[in-house]
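Participant: Respectively, the protein sequence lines represent chains V and E.
If you read the first sequence in my numbering, its first letter stands for residue 1349, the second for the next number, and so on.
If you read the second sequence in my numbering, its first letter stands for residue 1349, the second for the next number, and so on.
A hint or two may mislead.
Since copy identity is lost for identical chains, a pair holds within one copy or between any two.
What the hints assert, rightly or not - Once the Cα atoms are required to be at most 20 Å apart in a straight line, the calculated SDA-like pairs of lysine to any residue come out as: (1) Lys1387 with Asp1478; (2) Lys1380 with Gly1486; (3) Lys1512 with Ala1430.
No lab work stands behind these hints: they were computed from the structure.
2 protein chains.
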Amino acid sequence: MPEVIAPPTRAPREPRNGVNTPVLLATINAVKETPALAKFRFRASSRWLDGTYSESRVESFSGAGGEHNHQTQFRYAADHPAVLVGQDRGPTPIEFLLHALAMCITAGIGNIAAARGVTLTSVESNVEGDIDLQGILGLSDTVRNGYERIRISFTIAGDAPPEKLREIVEQSRARSAVFDVLTNGVPVDVSINTR
Amino acid sequence: MPEVIAPPTRAPREPRNGVNTPVLLATINAVKETPALAKFRFRASSRWLDGTYSESRVESFSGAGGEHNHQTQFRYAADHPAVLVGQDRGPTPIEFLLHALAMCITAGIGNIAAARGVTLTSVESNVEGDIDLQGILGLSDTVRNGYERIRISFTIAGDAPPEKLREIVEQSRARSAVFDVLTNGVPVDVSINTR
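Excised from the complex, chain V in its bound form:
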């Protein structure tokens, strides 16, 4: 009965938290074997509608060696509120940065918890950013244009001790694409065509 004396092995992870954990782990292994699969290019197309009101379409991306269409053509508007002389037909563009940050860390929490065998019952977050509009209004050369600071607060519950739940959030933050971009910055090339 060699099974009996075999040292304890890590149990294979089952689907959990709505995450297909075996497929997730197989995907990670596939990328480990073939790192070129990890190269992705995301994109959006945008058009100005009126005033400060514009709209983006998010439809397709490339990665894992091929081209992919989203199942839906996602469309999002943005505008300025009345107090900033817009018509509030969408959030301001910078509010989407807060949304993106919360979504990225939260998605990672779902995956990491599943990989660690933790069943989550809830993950909520509140995120806020402080900005002094003297920058974008051109009234100051010392006030920056963007947020001065962002704060995000998570409340997490699941079938693990508080310390393990904290570690899951911390690991997700440590591997978050949006957290990295927001805290470290990224080169942005701007090109302009006229017609």
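Start from chain V and add chain E according to the hints.
Facilitator: Here is chain E on its own, set in the frame of chain V:
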């Protein structure tokens, strides 16, 4: 007839491009008089739904000395696509960064063109970001988690010479809150509560 011999003055700007230019300029002057009005705090509340699927609500913000509710409670989902083991019920979180960038610079183009007396006929943009997922998948300590580079390309048309149209885009980039955050980064504080 002193009007006849008065030196030419800059004509007052009229509403243009859907921008209430007089109110915009009055707002800038009001903030110049009372810089505390420029302090804004934007926020979002998010909750995990399932797997990599989550949702944010964008409802209110403070600024201009008060608290404001958006006219609509904006809600946005995010998810991972099938190739990243999600169910594609929303874009990935990092795609929202591309949307935010395009929206911010485009809104500024609308305002700046109005302030400069230029009538726009179209502003379109394509934005893309390159990312190597070896970072977020935990397969490399040298590959960053976020985008390696973002490119945004604008095509603008209006009743001004190409050079003036280019200057409008360039000025908008120079005063864009999202461009600043993405290129320069911002401190992000993360706090964790368990229950």
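Participant: Decide, hint by hint, whether the structure agrees.
Facilitator: Hints, one by one, checked against the model:
Taking the shortest alpha-carbon separations for Lys1387 and Asp1478, only the inter-copy value of 7 Å comes in at or below 20 Å, while the best intra-copy value is 34 Å. Proximity of Lys1380 and Gly1486 under a CA criterion of 20 Å is satisfied inter-copy only: 10 Å between copies versus 48 Å inside one chain copy. Proximity of Lys1512 and Ala1430 under a CA criterion of 20 Å is satisfied in neither setting, with 45 Å inside one chain copy and 28 Å between copies.
Of the numbered hints stated above, the single one contradicted by the structure is hint 3.
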